[in-house]
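Colleague: Listed below, chain by chain, are the residues.
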Amino acid sequence: MVNNSFSMTLLSRSSNESFARATVSAFASQLDPTLEEISDIKTAVSEAVTNCIVHAYNSGIGKIYISAELIEPNTIKIKIRDRGKGIENVPKAMEPLFTTVGGERAGLGFAVMMSFMDSVKVRSKVGKGTTIIMSKKISQRFSVNG
Amino acid sequence: MSVEINVTGEVVTAYLSGELDHHSAKQMREAIDTAVELNMPSLLVLDFSGISFMDSSGIGLVMGRYRNLQKAGAELHINGAPPNIYKVMKLAGIEKLAKLEGGKTDGK
Numbered sequence: 001m002v003n004n005s006f007s008m009t010l011l012s013r014s015s016n017e018s019f020a021r022a023t024v025s026a027f028a029s030q031l032d033p034t035l036e037e038i039s040d041i042k043t044a045v046s047e048a049v050t051n052c053i054v055h056a057y058n059s060g061i062g063k064i065y066i067s068a069e070l071i072e073p074n075t076i077k078i079k080i081r082d083r084g085k086g087i088e089n090v091p092k093a094m095e096p097l098f099t100t101v102g103g104e105r106a107g108l109g110f111a112v113m114m115s116f117m118d119s120v121k122v123r124s125k126v127g128k129g130t131t132i133i134m135s136k137k138i139s140q141r142f143s144v145n146g
Numbered sequence: 001m002s003v004e005i006n007v008t009g010e011v012v013t014a015y016l017s018g019e020l021d022h023h024s025a026k027q028m029r030e031a032i033d034t035a036v037e038l039n040m041p042s043l044l045v046l047d048f049s050g051i052s053f054m055d056s057s058g059i060g061l062v063m064g065r066y067r068n069l070q071k072a073g074a075e076l077h078i079n080g081a082p083p084n085i086y087k088v089m090k091l092a093g094i095e096k097l098a099k100l101e102g103g104k105t106d107g108k
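Those protein sequence lines, which keep their order, are chains A and B. Sequential numbering of the first sequence, starting at 1, is according to the numbering used here. Sequential numbering of the second sequence, starting at 1, is according to the numbering used here.
Rather than coming from a laboratory, the hints here were simulated on the basis of the structure. Since the model is a prediction, treat every value here as computed from it, not as a measurement. All C-beta atoms in this analysis are idealised placements derived from N, C-alpha and C, irrespective of residue type, glycine included. Treat the hints with caution; some may be incorrect.
Here are the simulated DSBU-like pairs of lysine-lysine, each with C-alpha atoms no more than 30 Å apart in a straight line [to be verified]: (1) B:Lys-71 / B:Lys-99; (2) A:Lys-63 / A:Lys-79; (3) B:Lys-104 / A:Lys-137; (4) A:Lys-63 / B:Lys-96; (5) A:Lys-137 / B:Lys-90; (6) B:Lys-71 / A:Lys-77; (7) B:Lys-104 / A:Lys-92; (8) B:Lys-90 / A:Lys-79; (9) A:Lys-92 / B:Lys-90; (10) A:Lys-85 / A:Lys-121; (11) A:Lys-125 / A:Lys-63; (12) A:Lys-63 / A:Lys-77; (13) A:Lys-92 / B:Lys-96; (14) A:Lys-63 / A:Lys-121; (15) B:Lys-26 / A:Lys-79; (16) B:Lys-104 / A:Lys-85; (17) A:Lys-125 / A:Lys-92; (18) B:Lys-90 / A:Lys-121.
If we take Cβ atoms under 7 Å as the criterion, some of the chain A residues that face chain B in the derived model are [claimed, not checked]: (19) Ser-5; (20) Ser-14; (21) Ser-15; (22) Glu-17; (23) Ser-18; (24) Thr-50; (25) Arg-105; (26) Ala-106; (27) Leu-108; (28) Gly-109; (29) Ser-115; (30) Ser-119.
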């Protein structure tokens with residue numbers, strides 16, 4: 001059952017990368033995650049948003065749609081969508097070290113998302129855009145004050 | 001985001017601080033490359049103890065510097081990576097390219 005959610009739309013400017021990951025991690029903090037879990041979520045969101053900026057919109061300006069849901073009892077589901085150029089071959093794009101831009105990009109974006117989240121799903125259509133849905137279960141800790 | 005450079009003999013140390021993502025990587029890269037071009041070190045040390053966040057853009061930065069240093073026959077060390085940054089470095093297998101130190105809460 002979904003017990004909370006939010007959504008926002010951002011322009012694909014690189015200065016919004018830190019805003020996007022900070023916002024999603026602040027929302028996730030309602031589940032009382034550990035520092036490591038928060039860092040994992042921040043990193044995965046940063047990768048997905050950077051993909052929209054660098055690949056989907058090819059450093060031009062477009063919209064990035066971000067939403068997140070808290071699903072009882074302790075899961076966060078994050079959706080990051082663009083209306084950019086899309087990915088021709090999704091399995092290939094998800095291979096570690098694969099990059100279409102070369103240079104200073106390591107080609108590890110999807111590898112990081114898959115390693116830091118419990119599940120990552122990618123839907124993409126050339127010319128239409130890409131949607132990434134990822135989720136993570138937060139460990140449940142018992143608070144002293146109940 | 002800032003980069004502080006320290007030169008001792010043939011060693012250039014770059015103290016990186018702030019958040020290292022696709023947005024900030026370019027400026028950090030330029031500051032490091034300028035220091036390397038000027039001093040032609042035999043060892044470049046990238047100190048990550050002041051970095052609070054890093055995604056795979058940081059891996060791109062490390063790999064790019066490694067390639068440049070390799071051409072000049074110089075070495076690369078990564079120091080003081082906090083646990084969250086050490087985790088990304090290990091995932092990328094950076095220890096195969098550079099001596100990697102860190103992973104502890106105090107960054108040692």
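Colleague: Now tell me, hint by hint, if it's right for this structure.
Modeller: Hints versus structure:
Annotation: proposed proximity of Lys-71 of chain B to Lys-99 of chain B holds, straight-line Cα distance about 18 Å (limit 30 Å). Straight-line distance between C-alpha atoms of Lys-63 of chain A and Lys-79 of chain A comes to about 14 Å, which keeps the hinted pair within the 30 Å bound. For a cut-off of 30 Å, the pair hint linking Lys-104 of chain B to Lys-137 of chain A stands: about 24 Å separates their Cα positions. Simply put, Lys-63 of chain A and Lys-96 of chain B have alpha-carbon atoms about 38 Å apart, too far for the 30 Å limit, and the pair is violated.
Under the criterion of a C-alpha separation no larger than 30 Å, the hint pairing Lys-137 of chain A with Lys-90 of chain B is consistent with the structure, at around 22 Å. A C-alpha spacing of about 44 Å is found between Lys-71 of chain B and Lys-77 of chain A, which places the hinted pair above 30 Å, so the restraint is violated. At roughly 35 Å between alpha-carbon atoms, Lys-104 of chain B and Lys-92 of chain A are farther apart than 30 Å, so this suggested pair is violated. Straight-line distance between C-alpha atoms of Lys-90 of chain B and Lys-79 of chain A comes to about 27 Å, which keeps the hinted pair within the 30 Å bound.
At roughly 22 Å between alpha-carbon atoms, Lys-92 of chain A and Lys-90 of chain B fall within 30 Å of each other, so this suggested pair holds. With a CA separation close to 18 Å, the supplied pair Lys-85 of chain A and Lys-121 of chain A stays within the 30 Å bound. Our distance criterion of 30 Å between C-alpha atoms is met by Lys-125 of chain A and Lys-63 of chain A, whose separation comes to about 16 Å. The hinted pair formed by Lys-63 of chain A and Lys-77 of chain A meets the criterion: a straight-line CA distance of about 20 Å does not exceed 30 Å.
Between Lys-92 of chain A and Lys-96 of chain B the CA atoms are separated by roughly 24 Å; this keeps the pair inside 30 Å, and the hint holds. For the given pair, Lys-63 of chain A sits about 20 Å from Lys-121 of chain A by alpha-carbon distance, which is consistent with the 30 Å threshold. Between the alpha carbons of Lys-26 of chain B and Lys-79 of chain A the distance comes to roughly 28 Å, so the proposed pair stays at or under 30 Å and holds. Of the pairs offered as hints, the one joining Lys-104 of chain B and Lys-85 of chain A is violated, with about 41 Å between alpha carbons and a cut-off of 30 Å exceeded.
Distance hint between Lys-125 of chain A and Lys-92 of chain A is fulfilled; the C-alpha atoms sit about 14 Å from each other, no more than 30 Å. Under the criterion of a C-alpha separation no larger than 30 Å, the hint pairing Lys-90 of chain B with Lys-121 of chain A is consistent with the structure, at around 24 Å. With its C-beta approaching chain B no nearer than about 25 Å, Ser-5 of chain A sits outside the 7 Å limit, and its interface hint is violated. Taking 7 Å as the C-beta cut-off, the interface hint given for Ser-14 of chain A holds, the closest approach to chain B being about 4 Å.
At its closest, the beta carbon of Ser-15 of chain A sits 6 Å from a beta carbon of chain B; the interface hint therefore holds under the 7 Å criterion. Checking Glu-17 of chain A against chain B: minimum C-beta separation of about 5 Å stays under 7 Å; hint holds. Taken as an interface hint, Ser-18 of chain A checks out: its beta carbon lies about 6 Å from the nearest beta carbon of chain B, inside 7 Å. For Thr-50 of chain A, the interface hint holds, since its Cβ comes within 7 Å of a Cβ in chain B; the closest pair sits about 5 Å apart.
Taking 7 Å as the C-beta cut-off, the interface hint given for Arg-105 of chain A holds, the closest approach to chain B being about 5 Å. Because the beta carbon of Ala-106 of chain A sits about 4 Å from the nearest beta carbon in chain B, less than 7 Å, this interface hint is met. Satisfaction of the interface hint for Leu-108 of chain A is found here, the shortest Cβ-Cβ separation to chain B being roughly 4 Å, below the 7 Å cut-off. For Gly-109 of chain A, the interface hint holds, since its Cβ comes within 7 Å of a Cβ in chain B; the closest pair sits about 6 Å apart.
For Ser-115 of chain A, the interface hint holds, the least distance from its beta-carbon to any beta-carbon of chain B being 6 Å, beneath 7 Å. A cut of 7 Å between beta carbons decides the hint on Ser-119 of chain A: the least distance to chain B is about 17 Å, and the hint is violated.
Going through the hint list in order, the structure does not satisfy hints 4, 6, 7, 16, 19 and 30.
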